[in-house]
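Asker: Sequence:
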Amino acid sequence: MKTLQDYIDKLNKLNFKEMYNNDFFWTWDKTDEELEAVFTVADALRFMRENNISTKVFESGLGISIFRDNSTRTRFSFASACNLLGLEVQDLDEKKSQIAHGETVRETANMVSFMADVIGIRDDMYIGKGHAYQKEFMDAVTEGNKDGILEQRPTLVNLQCDVDHPTQCMADMLHIIHEFGGVENLKGKKIAMSWAYSPSYGKPLSVPQGVIGLMTRFGMDVVLAHPEGYDVMPEVEEIARKNAEATGGSFAKTNSMEEAFKDADIVYPKSWAPFAAMEKRTNLYAEGDFEGIDKLEKELLAQNAEHKDWACTEELMKTTKDGKALYLHCLPADITGVSCETGEVDASVFDRYRIPLYKEASFKPYIIAAMIMLSKFENPQDTLKKLEVKAAPRIMK
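Residue numbers (the numbering used here): 1 to 397.
These aren't lab readings, by the way, just hints derived from the structure by calculation.
Between beta-carbon pairs, the in silico distance windows are:
1) P199 with Q5: 48 to 56 Å
2) E287 with D69: 15 to 23 Å
3) K262 with Y358: 24 to 32 Å
Here are the simulated DSSO-like pairs of lysine-lysine, each with C-alpha atoms no more than 30 Å apart in a straight line:
4) K2 with K17
5) K95 with K135
6) K129 with K298
We put the beta carbon where it would ideally sit given N, CA and C, even for glycine.
Please put together the full structure from these sequences, using the hints given.
Answerer: In structure tokens form, the structure reads like this:
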């Protein structure tokens, strides 16, 4: 697209009214047109920034970030997105809050939401806990709004939970769309979402689950590859199957990385912990069994070490479509000989794709900003037009 009006015209053709005053938990909660609206607004905002058109749609307000797990890209992407739209970011550091003194989720949710327009939450460590915490938090602010405590209800952006990582996978998808020249060119493309060896354990399931739950929406041939025992949540696999049936694509599973990579157009080698093991770890933490947790960690590290051959090597990349598959990763990758002795990907492969990888990551702030804007503005296309008109005299000068 060449002008902001092109994006506005596209939005005028889409139905995304249900996103207004709503949350973004999982991509499979959203319709195809709602996902397309997110991509369109994200591209529009990027176009505006590149052309020095102000994107400040808020005159005041807060974006509250709650990270219950470590983060670099998503933390800064959320802060960038809020700033892009005119919101100030306030991070909730639970160690410095009254949570340690017994403050309930209901109380915390209301106390941090004064003047808040958006709440971004990452809670991905424990199976059955992350999404549940996000729901409990948002139920509390909804109640606070109804009771007159909060003048308005802030919206939620899931910055990663135990089930899905929508901001990451949507950024991945927008990167793919740009690399292949449009959504219309994705049908029949093969993507390998593959487990890869890492010298660490306990990495969340939400990225591979998010990928198979989203990429199957576009008529692609999605292959989930992992060693035996490294399964993801069965309910997400079922979502992927239904998506593939509806779009004319396919969803397949294999215990062979070589099979997954063969003739693939896109590869996504990424380590994750087995679903069964993550469930067990969650139960051990609930019981306070720290000796059991240490034992489980050693078992999982030993199990991982049996699959060091599951790595994205130069030899394996040669078997992809024309030997030039698009390599994706959510970062940071475990790079053999760089960040670890043996890891997910050869250093030469990673270096060759470094610029595309960084471009992939660069879409995330715009995806998050688009999610916020579509929830807080009933007619974002009108808002974008007003910003363009306001900027016109300055741009002309």
